[in-house]
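Peer 1: One-letter residues, chain by chain:
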Amino acid sequence: MLKTFRGGIHPPYNKDFTKHKPVEMAKIPDRVIIPMSQHVGAPCEPIVKVGDTVKKGQKIGEAKAFVSAPIHASISGRVSAVEPRPHPGGGMVVSVVIESDGKDEVFEDLKPPKPLDELTPDEIKSIIREAGIVGMGGAGFPTQVKLSPPPGKTIDTVIVNGAECEPYLTADHRLMVERPEDVVMGLEAVMKATGVENGYIAIEANKPDAIEAIKHAVEGKKGIQVVELATKYPQGGEKQLINAVTGREVPSGGLPMDVHVIVDNAGTCAAIATALKTGMPLVERITTVTGPGIKEPKNLLIRIGTPFSEIIEQCGGFQGEVGKVIMGGPMMGLAQSLLDVPAVKGTSGILILERKDVVLAEQSPCIRCAKCVDACPIHLLPTTLGKLAERSMWDEAEEYHALDCIECGCCAYVCPAHIPLTQLIRLAKNHIIASKKK
Amino acid sequence: MEEYKLITTSSPHIHSGESVQKIMFNVAGALLLPAAAGIYFFGLRALILIITTVLAAVLTEAIFQKLRGKSVTIWDGSAVVTGILLALNLPPGLPLWMAVVGAAVAISLGKQVYGGLGMNPFNPALIGRVFLMISFPVQMTTWINPVDGTTGATPLQIMKMQGVSTDYARLFLGNIGGSMGETSALLIILGGLYLLYKGYIEWRIPVFYLGTVAILSALLGRDPLFELLSGGLMLGAFFMATDMVTSPISKLGKIIFGLGAGIFTVIIRFYGGYPEGVSFSILLMNAFTPVINRYTVPRIYGEVKAK
Numbered sequence: 001m002l003k004t005f006r007g008g009i010h011p012p013y014n015k016d017f018t019k020h021k022p023v024e025m026a027k028i029p030d031r032v033i034i035p036m037s038q039h040v041g042a043p044c045e046p047i048v049k050v051g052d053t054v055k056k057g058q059k060i061g062e063a064k065a066f067v068s069a070p071i072h073a074s075i076s077g078r079v080s081a082v083e084p085r086p087h088p089g090g091g092m093v094v095s096v097v098i099e100s101d102g103k104d105e106v107f108e109d110l111k112p113p114k115p116l117d118e119l120t121p122d123e124i125k126s127i128i129r130e131a132g133i134v135g136m137g138g139a140g141f142p143t144q145v146k147l148s149p150p151p152g153k154t155i156d157t158v159i160v161n162g163a164e165c166e167p168y169l170t171a172d173h174r175l176m177v178e179r180p181e182d183v184v185m186g187l188e189a190v191m192k193a194t195g196v197e198n199g200y201i202a203i204e205a206n207k208p209d210a211i212e213a214i215k216h217a218v219e220g221k222k223g224i225q226v227v228e229l230a231t232k233y234p235q236g237g238e239k240q241l242i243n244a245v246t247g248r249e250v251p252s253g254g255l256p257m258d259v260h261v262i263v264d265n266a267g268t269c270a271a272i273a274t275a276l277k278t279g280m281p282l283v284e285r286i287t288t289v290t291g292p293g294i295k296e297p298k299n300l301l302i303r304i305g306t307p308f309s310e311i312i313e314q315c316g317g318f319q320g321e322v323g324k325v326i327m328g329g330p331m332m333g334l335a336q337s338l339l340d341v342p343a344v345k346g347t348s349g350i351l352i353l354e355r356k357d358v359v360l361a362e363q364s365p366c367i368r369c370a371k372c373v374d375a376c377p378i379h380l381l382p383t384t385l386g387k388l389a390e391r392s393m394w395d396e397a398e399e400y401h402a403l404d405c406i407e408c409g410c411c412a413y414v415c416p417a418h419i420p421l422t423q424l425i426r427l428a429k430n431h432i433i434a435s436k437k438k
Numbered sequence: 001m002e003e004y005k006l007i008t009t010s011s012p013h014i015h016s017g018e019s020v021q022k023i024m025f026n027v028a029g030a031l032l033l034p035a036a037a038g039i040y041f042f043g044l045r046a047l048i049l050i051i052t053t054v055l056a057a058v059l060t061e062a063i064f065q066k067l068r069g070k071s072v073t074i075w076d077g078s079a080v081v082t083g084i085l086l087a088l089n090l091p092p093g094l095p096l097w098m099a100v101v102g103a104a105v106a107i108s109l110g111k112q113v114y115g116g117l118g119m120n121p122f123n124p125a126l127i128g129r130v131f132l133m134i135s136f137p138v139q140m141t142t143w144i145n146p147v148d149g150t151t152g153a154t155p156l157q158i159m160k161m162q163g164v165s166t167d168y169a170r171l172f173l174g175n176i177g178g179s180m181g182e183t184s185a186l187l188i189i190l191g192g193l194y195l196l197y198k199g200y201i202e203w204r205i206p207v208f209y210l211g212t213v214a215i216l217s218a219l220l221g222r223d224p225l226f227e228l229l230s231g232g233l234m235l236g237a238f239f240m241a242t243d244m245v246t247s248p249i250s251k252l253g254k255i256i257f258g259l260g261a262g263i264f265t266v267i268i269r270f271y272g273g274y275p276e277g278v279s280f281s282i283l284l285m286n287a288f289t290p291v292i293n294r295y296t297v298p299r300i301y302g303e304v305k306a307k
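Residue numbers (this note's numbering), protein chains in the order written: chain A, 1 to 438; chain B, 1 to 307.
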């Protein structure tokens with residue numbers, strides 16, 4: 001039996017663009033723009049200045065707060081600017097701009113740590129912290145923070161999220177097919193760091209080759225199981241995944257650790273493995289460049305900080321009239337207004353939609369069909385929340401659990417009246433959170 | 001890289017392709033099955049009746065929207081559905097001008113006065129039918145026999161007055177007196193199954209509505225199969241109680257709605273003055289819908305019980 005959750009949708013997955021394409025090394029860019037905030041939590045402070053030379057893997061942003069993650073140079077070269085630059089997540093963020101010297105030299109101080117068997121839990125956590133590893137599924141929560149639950153919270157299960165439920169994206173899929181042992185090693189490291197004996201690698205059933213590869217890689221490993229999930233969006237949502245794998249429900253307003261679970265993305269696990277094997281921090285990632293609007297869709301291993309424009313060029317450029325350039329998938333991704341924004345640690349994909357693929361339908365009245373109610377994986381009443389938000393009734397929206405919305409987009413996807421439900425609920429959430437801060 | 005004009009609307013960036021228009025025209029299409037039965041049994045006058053109510057409903061919608069200074073949205077198909085539904089709820093021999101009045105009332109008093117599509121608390125077609133029943137009780141209960149065109153009683157009237165049942169096969173196929181849409185249970189069920197398959201109606205309301213009527217009938221010593229197949233129950237359960245706008249949004253709410261409509265139907269049929277109670281039952285449950293919605297908010301994922 002495939003495991004799953006209640007609610008959700010079955011959008012066209014469109015993974016055929018790239019699912020059989022092996023990961024290609026991207027060209028080393030002439031220039032990278034590395035934002036000092038690529039994670040949830042406090043931004044980093046730049047520790048280099050204009051004119052400094054840096055090498056690949058050298059720390060350039062120091063994380064002072066607990067909830068933060070340091071940032072490293074992804075190429076070798078000279079720092080040409082430290083200034084606010086447009087960020088793909090929106091707004092301007094202080095960024096370190098590095099001009100490549102073409103040599104791609106590795107920072108001398110980096111060296112592989114001791115083998116995993118010999119490391120203590122605290123040493124593993126410190127390696128993960130220093131490597132700047134954050135959740136690579138898009139949210140960007142610092143991984144080490146997850147591994148350090150406050151006293152009183154116990155963890156008994158680690159789940160590797162290999163669902164990759166967003167349509168079009170295949171970065172995790174290719175990673176699991178091509179480097180399954182790295183995913184497993186990352187999981188083992190997390191289990192060891194947290195003293196947990198139960199590990200799961202959960203993958204949607206539409207990736208049989210990934211399931212096969214991972215199953216092979218876990219053979220003989222104690223306490224690790226591969227879980228096949230139904231192909232349904234948002235199966236990879238943290239709460240839906242925990243529910244499908246363990247049957248537990250993260251309490252409203254709570255975190256996975258409240259039900260004794262840690263979830264890490266497959267890409268995050270591979271980044272941990274890289275740091276453990278080579279000492280190299282998180283300076284590159286696989287990103288799926290895809291969609292009907294790009295000439296040659298690819299899975300590219302890119303350096304963090306590579307401008308979108310350069311990545312798009314390497315995939316042959318646009319095809320047809322470009323409509324949207326989206327960081328992430330079509331359900332939750334962010335439509336970009338500029339192409340000189342850089343890829344960051346959470347850039348799992350760059351999706352190009354043609355002008356004709358972009359639906360800009362006129363909104364019509366709600367006919368209370370309740371399709372949104374059936375689709376909502378949190379079992380909210382999106383139609384009610386949407387109406388409350390339209391009337392600025394924020395207190396009532398909070399009573400109807402607006403804050404529990406995970407913004408997966410299912411409600412707006414199914415709405416026959418084309419009401420921007422997800423956007424309306426997001427608006428309500430922002431108002432509720434703002435009023436709480438007062 | 002050259003400058004591009006990029007669209008930056010909010011996520012999600014893809015859509016299911018469903019639209020209100022698609023839903024309405026699918027419902028209208030499904031209604032053509034029972035309508036075809038009506039035309040087959042009652043002939044041309046049934047067809048003319050349907051065309052009349054549809055035109056009257058669409059025209060009323062357009063006039064009201066013009067008067068209210070709104071954009072005219074007759075192509076969304078909702079007035080077409082109301083028109084067909086109303087026709088299916090009328091005696092085939094009803095004078096056409098009365099049908100026009102019914103359609104105009106359905107759209108104006110049943111829908112537009114509340115603000116149009118999506119805002120009406122009651123099923124507009126049923127508002128039109130009940131208005132006609134109260135205004136023209138004689139014409140609204142003059143039924144024609146399909147076979148010879150003579151007037152006669154409906155199976156429910158015969159049951160109420162004489163305690164005589166009607167043959168199941170006739171009830172199922174539709175060779176009986178009654179409103180045009182009450183006649184063929186078979187084609188109503190087929191139309192309903194099509195809508196279920198397309199996901200445009202939800203199974204809970206018809207199943208709980210029909211189930212309640214069947215079980216209560218059996219408990220009260222009546223013939224459940226006769227009660228299911230006669231009158232407007234099938235049409236009501238599949239096409240009117242399931243109206244999205246006027247029924248609850250939660251799954252539990254839909255169950256309550258079906259149960260309630262079933263109980264009211266049985267009470268009216270067995271103990272009331274009217275032989276049939278489907279219209280009133282659904283309207284009553286329409287009135288309860290906001291309350292049902294209020295008290296059947298689903299338990300959300302991870303909801304912590306109030307301390």
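Please keep in mind that the hints were generated in silico from the structure rather than gathered at the bench.
Heads up, a few of these hints could be off.
[Said to hold, decoys possible] Listed next, the stretches of chain B that the computed footprint assigns to chain A, with coverage defined by at least 3 CB atoms under 8 Å from CB atoms of chain A: (1) 17–30; (2) 108–119; (3) 293–300.
Glycine included, every Cβ here is placed at the ideal spot set by N, Cα and C.
Peer 1: Determine for every hint whether it applies to the structure shown.
Peer 2: A quick look at each hint next to the structure:
1. A stretch counts as covered by a chain when three or more of its residues have a beta carbon under 8 Å from one of that chain; for the region 17–30 of chain B and chain A the count is 5, and the coverage holds.
2. Given a C-beta distance limit of less than 8 Å, the hint that chain A covers the region 108–119 of chain B holds, as 4 residues qualify and 3 suffice.
3. As drawn, the region 293–300 of chain B meets chain A at 5 residues by the rule of a beta-carbon pair under 8 Å; at three or more, the given contact holds.
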